[in-house]
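A.B. asks: Please put together the full structure from these sequences, using the hints given.
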Amino acid sequence: MAKTKTARKALPAGIGKVLKRLHCPLDVILLCVRWYVAYSLSLRNLEEMMAERGVEVDHSSVHRWVIKLVPSLEKAFRPNKRPVGKSWRMDKTYIKVKGQWKYLYRAVDKEGNTVDFLLRAHRDKTAARRYFEKAIARNGEPETVTVDKSGANLAALEALNAARPTPINVRQNKYLNNIIEQDHRAVKRIVKPMMGFKSFRCARIILSGVEVMHMIRKGQMRGNDGTPTAAEQFYSLVI
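Number 239 marks the last residue of the sequence shown (the UniProt record's numbering); no jumps.
Rather than coming from a laboratory, the hints here were simulated on the basis of the structure. Among the clues, some could well be false.
Keeping only pairs whose Cα atoms sit at most 25 angstroms apart, straight-line, the calculated SDA-like set for lysine to any residue is [unchecked claim]:
1. 134 with 164
2. 110 with 83
3. 125 with 199
4. 134 with 79
5. 81 with 112
6. 174 with 141
7. 75 with 43
8. 110 with 227
9. 198 with 39
10. 96 with 39
11. 125 with 136
12. 188 with 220
13. 110 with 149
14. 96 with 189
15. 218 with 42
16. 81 with 237
17. 198 with 64
18. 149 with 177
19. 188 with 48
20. 96 with 204
21. 218 with 143
22. 192 with 219
23. 174 with 101
24. 149 with 160
25. 110 with 129
26. 125 with 152
27. 68 with 196
28. 188 with 71
29. 86 with 172
30. 110 with 141
31. 86 with 161
Model, not experiment: these values are computed from the prediction.
C.D. replies: Written as C-alpha cells, this is what we have:
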C-alpha cells in the first residue's frame, strides 16, 4: 500500500474532487474499496477486518467511499481497457435490487475477456438493444454474437442489423455460451455477501466496480508490463 500514500493535492482533478470531503487516509479508503469489489466480503466484514488492523472504520463509511469513488475508477479504467475480440458471447444474469430481480447484461469474447455490462430493470428487446448499442459504441462492432434462445436478444440484434450494411452474424446456441455463464459466477460470487442492493443506483455503481476489478484480474488493463499485481493496477487508476 506504499504507493497509495500520495498527497491528495497530487491526485488527478476528478479523483481529488471526489475525495475532498473524505477525511480518512487515502490508503485506507482505497484498500477498503478494493477489497469490497474484489472479494466476497460484506461491509461489516470490512469493518471488523480494519478494526483488527487498528483502524476504526464504520461500515456505512465504506459504503459511502465505494459509491463516491467507483464511478471515477471506472472512468479512468475505460481508456486503458484492452481491445476485445470480434466474436462475442452474450447473456444476462439476475441481480436482486430492493427485493426484486433485475437483469445484468454481459458479454465476453471467445477468449473470456469482458466486452461490457449493463444493469437494466427489465428483460426485453429494449433492454437488450440498449446493451448492444453501449457495447458496440465502446468496443467496436463484432463480427459474430452468440446468444441463447432468448427471443428478446435475437429481436434486438435483428433491429440493429436492419440499419447496417454489413449485418452482425447471430448464432443462437446455449452450449456455446458456457464461457459467459461461467464468467457470471465470478461476479455473482462477489455480490452474494452484499445480500441484495437497496437501490438501483447503488447496484449499478457497485457492480461497475466489481466488473472493473474482474477485468483487471483477467489482464484487460493496458500498461501492465512488468507484471504489476491486480492491486497495483487498481491503485494506478487513482494515483
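A.B. asks: Indicate, hint by hint, whether the structure satisfies it.
C.D. replies: Results for each hint:
no. : hint         : in the structure
1   : 134 with 164 : holds, 16 angstroms
2   : 110 with 83  : holds, 13 angstroms
3   : 125 with 199 : holds, 23 angstroms
4   : 134 with 79  : holds, 15 angstroms
5   : 81 with 112  : holds, 14 angstroms
6   : 174 with 141 : holds, 22 angstroms
7   : 75 with 43   : holds, 24 angstroms
8   : 110 with 227 : holds, 24 angstroms
9   : 198 with 39  : holds, 20 angstroms
10  : 96 with 39   : holds, 19 angstroms
11  : 125 with 136 : holds, 16 angstroms
12  : 188 with 220 : holds, 19 angstroms
13  : 110 with 149 : holds, 19 angstroms
14  : 96 with 189  : holds, 14 angstroms
15  : 218 with 42  : holds, 23 angstroms
16  : 81 with 237  : holds, 12 angstroms
17  : 198 with 64  : holds, 13 angstroms
18  : 149 with 177 : holds, 11 angstroms
19  : 188 with 48  : holds, 23 angstroms
20  : 96 with 204  : holds, 11 angstroms
21  : 218 with 143 : holds, 23 angstroms
22  : 192 with 219 : holds, 24 angstroms
23  : 174 with 101 : holds, 22 angstroms
24  : 149 with 160 : holds, 18 angstroms
25  : 110 with 129 : holds, 21 angstroms
26  : 125 with 152 : holds, 4 angstroms
27  : 68 with 196  : holds, 19 angstroms
28  : 188 with 71  : holds, 20 angstroms
29  : 86 with 172  : holds, 16 angstroms
30  : 110 with 141 : holds, 15 angstroms
31  : 86 with 161  : holds, 16 angstroms
In summary, the structure agrees with every hint in the numbered list given earlier.
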